[in-house]
Each structure stands twice: as C-alpha cells, then as structure tokens.
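Visitor: Here is what each chain is made of, one letter per residue.
Protein chains: 2
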Amino acid sequence: MERTLIKDIVDIKEKLVQIAGRVVNLRKLGNITFAIMQDRSGTIQTVWEKKISAKIGDIVSITGEIRKDTRAKGGCEIAGDKIEIIATNAEDYPIDLSKAELTLQLTTLLDHRTITLRHPKIQAIFALYDILLASYERVMREEDFKEIKTPKILEAASEGGANFFTIEYFQKKAFLAQSPQLYKQIMVGVFERVFEIGPVFRAEPHFTTRHVNEYVSLDAEMGHIESFRDVTAMLTKVLKKMFAQIEKEGAKYLELYNVKMPKVPDEIPHIKLSEIKEVIKEKYGYEIPETTDIDPEGEKLAGKYALEQFGSDFIFITHYPWKDKPFYTMPSPGNSEETEGYDLLLKGIEIVTGSQRIHEYKMLIENMEKKGVKPAGMEFYLDTFKFAMPPHGGWGMGSERLIQQIFGLKSVKEAVLFPRDVKRLSP
Amino acid sequence: MERTLIKDIVDIKEKLVQIAGRVVNLRKLGNITFAIMQDRSGTIQTVWEKKISAKIGDIVSITGEIRKDTRAKGGCEIAGDKIEIIATNAEDYPIDLSKAELTLQLTTLLDHRTITLRHPKIQAIFALYDILLASYERVMREEDFKEIKTPKILEAASEGGANFFTIEYFQKKAFLAQSPQLYKQIMVGVFERVFEIGPVFRAEPHFTTRHVNEYVSLDAEMGHIESFRDVTAMLTKVLKKMFAQIEKEGAKYLELYNVKMPKVPDEIPHIKLSEIKEVIKEKYGYEIPETTDIDPEGEKLAGKYALEQFGSDFIFITHYPWKDKPFYTMPSPGNSEETEGYDLLLKGIEIVTGSQRIHEYKMLIENMEKKGVKPAGMEFYLDTFKFAMPPHGGWGMGSERLIQQIFGLKSVKEAVLFPRDVKRLSP
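Residue numbers (my numbering), protein chains in the order written: chain A, 1 to 427; chain B, 1 to 427.
Note that these hints are calculated values from the structure, not bench results. Note that the structure is predicted; figures quoted are calculated from it, not measured. One or more of the hints may lead you astray.
Any copy will do: because identical chains look the same in the list, a pair fits if it lies in one copy or spans two.
As the list claims (entries may be wrong) - Dumping the calculated DSSO-like pairs for lysine-lysine here, alpha-carbon to alpha-carbon at most 30 Å: (1) 121 - 68; (2) 277 - 50; (3) 7 - 386; (4) 172 - 248; (5) 410 - 283; (6) 7 - 241.
Isolated chain A (complex conformation):
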C-alpha cells in the first residue's frame, strides 16, 4: 500500500489509507486511544479501539479507515487498524512537546533546539521563514534583479575594519564577510540589479535580544538611480509584494500566533535622523545620547511616532551622519556632514540598513582618505570605479529580524534555527 499524505486524505476516494509520520500526541479515554499523527503536510487524529505500543515522538506507519467527522480537525479522522513502529524514542522527550505552548526559558529552548524545533509553534516560525525566503527571491526576480553568490572568505577586513572574524587560510590570515557590500556593488557594473541571500558574520560581542553573530542577510543593489529615494521606493514595493505573499501562504502559521502581517503603506514615511531626534525629545521627553546616532530606545520611540503620526508600522530614518557611515556611503549633496544613508524600522526595530553609494572613483578615494580608511586589500574594489559605474544604492535586510517582528518574538534568536552568540556555538 502506498503512503498518502495527511493533507490529501480529505479528498481521496479510497476507504483504507496508509499514512506515515510522527506521533505528536496520545490520549486514552477508557479503552479508546487517540493518537495525533503529523507528517510534512499536516496533522490528523487516529482512533484505536485496541492497545497500541506507540509512544509520543515515535515515527510510525499506520493503516486505517477514513472516517468523515465534521467535528475533527480537517474534516476526518482515521480508525486505526495496523500500526508499524519505524523508529522509537529511546527516552522520553526532555521537554513536553504535546502541550499547546512551550513556556521555556530561551536558554532551555536553544539548548534542546534539535527537539524543541519539533513543536508546532516552533515549526511555524521556520515554515514562515521558508515562505519569506521564497517571496524575496520571487519578488526580486520580478523586479529584474539577478541572484548572485559572493565569497564569504575575504582577504581584507574591509568596510571599516571592526568586528570581523579571522580565519586561518592556508598559512595566511583571512576574514569572514560582514556583508556582500563590495561585491554586490561590483556586480551592479555587470548586471545593474543584483540580490543575494546569504550568511553574514559579525564579531560583535553584544548580548541583546536583536543580535546574533551569524545571520542571513537579504541584500540588494541597483544601478541607474536618481537618488536614494529610488532605493527606498523599490524596497517598499518589494516588501509590499512579499508581505502579501507571506500573508496568503503563511496564514495558518500567523494564526497560530494570533498575529497579522504588518501593513506596508504605499509610501512609507521618511524622516531625517536629525528631525526624529527632535520629535522624540519634544514628544516623548527622551534624549538620544550624544555618543550614538540613534539607540534602541530611540528606535522604539521612532516606531511609536510612526504609528501615532502616520498609522504606519514602518518608518525610514534618513540622512545618517557622515561620521557614522562607512566610506562607500554617498555624502548628502549640499551637506557633507550627512549622508544618503537610511535605516528602515519595523515596529521600532531596525530591519534594513541601506544607502546610495559613491560611484565616482575620485570621490571614493577622497572619502576614504578623509575617513582614514586604508585601501590595502580593497584595490580590486576601488579599481572597479575607474571603469564607469552607474549611480547606485541598495540595502541589507535582516531576515531573522523580519521574522522576529512579524511574530513578535522576544529575541531574534528564536527566529534562527541554530543561533550563534558570544557563548553559543552549539547545537
């Protein structure tokens, strides 16, 4: 007998059916046993009038009769006839996965990650993540971007030099890429519009709810722009399409968390960093410390302002100071202390950083000199600009932060399958 997927049971004509998957819950009521089965397509209740030896967690194959039952989830259940145990739990789960909610400390959740991932609410996070990845690449191709894969092992700690992990590379020292920045810019000279989905590595010693040391960045870079506003407009369009797809394809996962996809406005409000600082001070009585462009509390209040003032979950903060932005960021025409750099906040957390970049060789070299950035190891990048590059800009979007904000997760680590932080290298 051939295996049938659980999702297909409701539509098939046969009475007898074979399914295979995991026993995710068991209940006994007198002489009757109810075993909830899960496979990659869904869950179904199986009902047994005899004793079965299967335990929660076991991988089994079941043959039984389909019984339509409007009270059952999915409209039917299976009256179990035969059960074959394919693989069994050698021990009971260290954590009770049969409860509707996993109320675990983050550390416990992550220490037992290989098992806690099997809980439906954790599965939901990564099922939605799959949809998010699919939607990004679909939408980017619709907008004429080509997917590229750039190296993660670099000769030089470019982009300013801090927070790089070092590698032993055949008797040499090399570095793990903090972003595909230099390469995606080079590729604008080849394909005009490119995107990349790939890991980035940050040797930041922070312990926060929004940092991990390895994450998946959704990058993009586009040429022939008039200003950074072409980039923020494209990003808005991309997010709008992505969120519509996620809302549709991920409905059941969102429901499980009782959340709705944030609405992406046709035009996301833009506000200059210097202005939002004023607003936050006047409206909320909070002064952002001088030592930073904007801090987490500032971002939170900027998000609050976006919602109150514009009814928007999103807000672009623009014109970050020249002194805080990397050497490739385009200085603002008419105000060399500011740049054409922006962040995008979703519900008060930065999910995107981007800017227009410098595309003229001379300006690039001068900006590096002014910033004291050494060209060593970046000659290949700089030389590219000797050979006509169009005006361009782009973004890097944190895929896990997006998921964090969609589900309202306390820590971004909950949105990473196997997160890496200063102390966590395993599982």
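Based on these hints, arrange chain B on the given structure of chain A.
Guide: The following block gives chain B in isolation, referenced to the frame of chain A:
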C-alpha cells in the same frame, strides 16, 4: 523623459525614447558612429551622424528616435539625438571587452574579474547561474521541501575532521562548515523534507580544474524513504525539471556558447562502484589505483561508458566502500563493506554526492566507534537520534560544477564569480 528598457523598445509606440546603460562597442564608418548600448535587459545599436565623446565602457543616457530595421538585432535601432555621459572610464579597459571572445589565461581572467565579468560571454554564465538557482528552489518547493538556513560557524570539526578552516571565535577556536550535513539531517526530524542553498568551505590544498575552497552547495535531505533509490529517483526528477526550466529560460545564454542542455533520462542508469571498475578495466584498459575509490580518469571513463552504453550524460555510481564514506552513511544491508552511498556524474565529472544515512541511534554510535570518530562537539547531533528519526537520505550538489558541465568550461573557477583557491583570496 522616462528611461525605457532596451528590451521594451521594439514594442513601444512612441517615436522618441530615452535609454541608459553602458557603451559596449563603438565603430566609426565615415561620418557615422555606431554605439552599441547595453542595459540590464539587452543590447541595441545606436547610430550617430554627429561626433560623440562617449568611449567604450562609459555609462550614458541617450535620447533618440526608434528606427525599425529588420537587419538590426532585435528589429530596431536608435538614431541618436542627445547623449549624456553619466560616468566615464578614467582609463581604457585593461582588456578589450568589445571582442566577441575573450581569449584569456585563467589567471588573467580572474585577476581582472571585476572587469571581465562585464563581457557578454561571462555575463551569460552568471545569468544562467541565476536561472539555475531559481529553478532549484522552485522545484524543491514543488516537491514539498522547505528551505532552511543552517549555521556556517561550528563548534566542532565534525564529519570526520579533515579539511576544515579554523576561525577565531571570541577567544575560542571554531570551524567553518564543510557542509550542512548534520543540521539538515536534524531538520528531517522537524520538516521531513528540507533543502538549503548555501556556501560550504573546504580547506583542501588541491589545485585542480574542479576544486575551489568555497562553493555553493545545493543540499537536500528527505525522510520516510525505503532505500537510497528513493533519493536518486527524487534527484532525477528534480534535475529533469530544473534542466527543462534552464533550457527554456536560458536559451540565449546557451546559444552564445553553442551548447544544449544535457538530456536527463527518465531513469538515470545506476551502476555499482565495484562493477564500473571492472567495466573500465575491461572496456578501456584503465585500472583505477587501489588507493582511491575512483579517480578523475575513472570518472571520465565512467561518463564515456554511460554515453556509449546507455546514451546518457548522467550516471549514478553506487555502493561506495564503507571505509571511504563518513560515519553517518548507511552501510549496505547484507554487505557491511559497502554503503548506500552514491555519486552522480555529469559528462564524467562528479556533481553530486549523497547517500542514505543511518537513522538509528545505536547503529550510529556503533558505526562511529568502528570508524574511530570522536563524538566530542557532536553530542547535540547524536542525541537527536535518541528521539525517533525516520529513515532518510539526501544529497549535496555542486552548483558551480553543474554550470561548468553545462557550458563545458575548462575550470570550475570560471563558474564562480570570485573564486577562492589556495592562492587566490582576491578579488
């Protein structure tokens, strides 16, 4: 005036048009100048009856009149009126990109990578690569696989221990992932079918035409299999669909190389390693050295045999010896010296390695002991198998080798945007 993409010119009604892009070729014929323009959508000839100052390589914006001309590529050309130089080449290209063929040594090609990538024939390789990535993720989702992203920074050099790059990770030593192997297996316990597209890192000191030290692996892992034949059948189906999509969407890039997509048979021939060794010896008089399971010459002849005997560009070589395969590979039932491991060759080069894996905890621990593999740092992986895993298997496919074999490129490095080898860390 709004920019029009070159590909749209043939369909628009307006007479006057503005395009923007790169001047990729210039010819003078008496008082007339022909400038070939390229943007992200295509190329077109512009014709000038006056002197223009643009040089090859410049980024320009052009206004002109559309002239239908059946002799012209794409059915029309533009009679240039105005030209604005947006960015200019500060120097002449170090390499003549206006020739139809770039006949460069590999070293030169790669040393000047940021510029040689702008040549149409090199662009074609990576335009097809974009299509290949798109087709893989599309097909895998159609087959119910969920995309996962697993960590590239590992605590332990798992999978045997050789050829790992080491990282300094906050005063600790860590390792760069050689493959997502352990994590994708764990995820079979969560989603049953998973795939990953991501970089893998191999500290192999080889200088060959088919090795790089960082490449993009197309991974997959599937549960509830009966044997490894379910995996090779799925892989065949996936390749068949992918190649059909690439053939259709990539026609113009394949044409440029005058190549056709290899035909994926409905059933790719399978042959045991021990048998193909005999065949190669008898048929082609070549004896594969005792020190290896199969060597490049052996693979080449196996490919020749596949074509001669079965009319197939593909062949699965199966049942690799237990002593050569990693600890997680399922030993063959009835012959513990062989495994349920296989390779897939395309035109005599290995493009895929895969196997059925061990899914039982006890067997896994025993197999590791027999192989002398230490569990240190892999406890999280091993512990997962205490909690019922379905029989499963999968593959890792080299995306760049696929491209290499499709185009018939001499070195796999030509199929990597910015390849890494023992000596090459830049560009």
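Visitor: Next step is simple, just say for each hint if it's right about the structure.
Guide: Hint check results:
1. Proximity of residue 121 and residue 68 under a CA criterion of 30 Å is satisfied intra-copy only: 27 Å inside one chain copy versus 60 Å between copies.
2. For the homomeric pair residue 277 and residue 50, neither the shortest alpha-carbon distance inside one copy (69 Å) nor that between copies (54 Å) is at most 30 Å.
3. In this assembly of identical chains, the alpha carbons of residue 7 and residue 386 lie at most 30 Å apart only when taken from different copies (28 Å versus 58 Å within one copy).
4. When the C-alpha separation of residue 172 and residue 248 is checked against a cutoff of 30 Å, the pair qualifies neither within a copy, at 49 Å, nor between copies, at 44 Å.
5. With identical chains, the CA atoms of residue 410 and residue 283 are at most 30 Å apart within one copy only, with a shortest distance of 26 Å there and 65 Å across copies.
6. In this assembly of identical chains, the alpha carbons of residue 7 and residue 241 lie at most 30 Å apart whether taken from the same copy (27 Å) or from different copies (24 Å).
The earlier numbered hints that this structure contradicts are 2, 4.
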